[in-house]
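> One-letter residues, chain by chain:
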Amino acid sequence: MKTKSSLIPLTTLILRDTKRFLRIWTQSLIPPMLTSVLFILIFGYSLGSRISEVEGVSYLNFILPGLLMMGVIMSGYMASSFALFIQKFQRSIEELLVSPIAYWQIIAGTTIAAMLRSFLVGLGILAVSLLLTPITIYNVWILLAFMILISMLFSFAGIATALWAKNFDQMSIFSTFLITPLTYLGGVFYSIKMLPQPWSTIAKFNPILYMIDGFRYGFIGVNDIPVLYSFAIVISLTLFFFILCVWMFKSGYKLRT
Amino acid sequence: MNAISIKDLVKTYPNTEALKGVSLQIKKGEFFALLGPNGAGKTTMIQIMTGLCNKTSGEVSLFNKDVYQDYVEARQLIGLVPQDFNFDIFEKVYNILYYNAGYFWIPAKERGPRIEKILKDLGLWEKKDSPAIQLSGGMKRKLMIARALVHHPKILILDEPTAGVDVETRQTMWTYLKKLNQDGTTILLTTHYLEEAEKLCDRIAIINKGKIIKVDTKDNLLQLTK
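Chains as they are written, first to last, in my numbering: chain Z, 1 to 257; chain U, 1 to 226.
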């Protein structure tokens, strides 16, 4: 009998989910890149040329980190949530539930594949952006740390949503009514310093603001909020969603009767 | 030695008691049938054994491995063929088995020969590159048997495996299952069909309304019906 630490199921899950999203790359990778490029062209080039510098950088360079982060957030969330929900819908999740695979491996496998998809989307947006504007990176390590944490956070959030949702309508509630509006209002297109009161204070209750602001700091070295503060919030939320996923799997929430 | 040991198993849903203190022992190498009408508790019992359902109380062990405490070891011993199709219908037949073998810790290099043998034995090899959605109903049933066997389990559990299957496919499946049992696999089968239990099984348990009514050899039970 092999030991409980066998990683074969984990690598199998990563391989399976990665192959699946690469097989449908026109649906999984291209649309978020296309959306970001359209934003860059419309807001960065067309309208942005009429806006003077923000925080000492061109408007295009200011919005670029936020647009990249938008792609990363939505890709991570959609990848894990749909990968798991489709398994629930088809009941093929039972293949995992009757196998000796540990719950942490199901969470880790789904998350790593979703993070990979997020990274590919992020790299794609970055590559296209390089064709449109010169980019310099202020601190690559801060950038990478935020990329890893945020893609992980939204992959966990996607897993929790998929376990909670009973149908496709419920699946879209979080992305449509929470993640999308909070992302748009999270400082992608503006600095919160530009907002009048009380909006600049209200904006600070939006967790995505800290993600975009921290990521932007890694990119262009400009931030509205101290970067350590942003890190603390992102790490706390990541831990919260990880614990939630573990609890849902362990208790068999909407998985076992 | 008991392959399956169930003691005082109770499962209560809100407003329903699906299993009312079931106790049952199935010996290693037996072909055992669980016979009963719809809603008798057959599927609930199987789901508890395989980790798809939480028990309310009682004990279930497979070759002395508790299905909750020693779930890693217990689940490696079991192959489940559920009542309803539960695979990714858009995935290729070969990949369904390949990934499933991985979930059961089978190294990648060992999976190919295993999959080839099982698919050839069940007459599905030519369909290995077809998405599961393109298979006929009988082939889908066979695919679920193949998937359950890919990790070479010591116990095979089949929940009404021949429901909705044509006569010829049913005969092929029966022959295959008999051979598996002769090769040493303990088989637990749930069915509505007395004929199926009669043709395949050594012992039969009759379950109704969450209680085991009778457990005896096939021959003794058939004597009662005469």
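Simulated from the structure, these hints should not be mistaken for laboratory data.
One or more hints might be untrue.
What the hints assert, rightly or not - Quick list of in silico lysine to any residue cross-link-like pairs, SDA-like style, CA-CA up to 25 angstroms: (1) Z:K88 <-> U:Q134; (2) U:K128 <-> Z:V54; (3) Z:K19 <-> U:P107; (4) Z:K254 <-> U:P107; (5) Z:K88 <-> U:K211; (6) U:K199 <-> U:P37; (7) U:K211 <-> Z:T257; (8) U:K7 <-> Z:K19; (9) U:K140 <-> Z:Q170; (10) U:K109 <-> Z:K88; (11) U:K65 <-> Z:L10; (12) Z:K88 <-> U:K65; (13) U:K65 <-> Z:I93; (14) Z:K250 <-> U:Y68; (15) U:K92 <-> Z:T18; (16) U:K109 <-> Z:A108; (17) U:K27 <-> U:Y13; (18) Z:K88 <-> U:F90; (19) U:K211 <-> U:F63.
> Against each hint, give a clear statement of whether it holds in the structure.
How the hints compare with the structure:
Proximity of Z:K88 to U:Q134 is assessed by CA-CA distance (about 21 angstroms); at most 25 angstroms being required, the pair is judged to hold. Under the criterion of a C-alpha separation no larger than 25 angstroms, the hint pairing U:K128 with Z:V54 is inconsistent with the structure, at around 58 angstroms. Note on Z:K19 and U:P107: the hinted pairing holds, with a Cα-Cα distance of about 18 angstroms set against a maximum of 25 angstroms. Using a Cα cut-off of 25 angstroms, the hinted pair Z:K254 and U:P107 is violated, with the two alpha carbons roughly 31 angstroms apart.
Only pairs whose Cα atoms come within 25 angstroms are accepted, and Z:K88 paired with U:K211 is rejected, the gap being roughly 31 angstroms. Pair hint U:K199 plus U:P37 holds up; C-alpha atoms about 19 angstroms apart against a cutoff of 25 angstroms. For the given pair, U:K211 sits about 20 angstroms from Z:T257 by alpha-carbon distance, which is consistent with the 25 angstroms threshold. Using a Cα cut-off of 25 angstroms, the hinted pair U:K7 and Z:K19 is violated, with the two alpha carbons roughly 44 angstroms apart.
Of the supplied pair hints, the one linking U:K140 and Z:Q170 is violated, its CA atoms being roughly 30 angstroms apart against a limit of 25 angstroms. Our distance criterion of 25 angstroms between C-alpha atoms is broken by U:K109 and Z:K88, whose separation comes to about 29 angstroms. For a cut-off of 25 angstroms, the pair hint linking U:K65 to Z:L10 stands: about 24 angstroms separates their Cα positions. Proposed proximity of Z:K88 and U:K65 is contradicted: the alpha carbons are some 28 angstroms apart, above 25 angstroms.
Straight-line distance between C-alpha atoms of U:K65 and Z:I93 comes to about 24 angstroms, which keeps the hinted pair within the 25 angstroms bound. Taking the CA atoms of Z:K250 and U:Y68, the gap is about 12 angstroms. The hint holds against a cut of 25 angstroms. Between U:K92 and Z:T18, the direct Cα distance comes to roughly 15 angstroms. Compliance with the 25 angstroms bound is thereby established for this hinted pair. Restraint check: the Cα-Cα separation between U:K109 and Z:A108 comes to about 23 angstroms, which is no more than 25 angstroms; the hinted pair holds.
For the suggested pair U:K27 and U:Y13, the alpha carbons sit about 30 angstroms apart, so the restraint of at most 25 angstroms is broken. Between the alpha carbons of Z:K88 and U:F90 the distance comes to roughly 14 angstroms, so the proposed pair stays at or under 25 angstroms and holds. Taking the CA atoms of U:K211 and U:F63, the gap is about 23 angstroms. The hint holds against a cut of 25 angstroms.
Hint violations for this structure: numbers 2, 4, 5, 8, 9, 10, 12, 17, all remaining hints satisfied.
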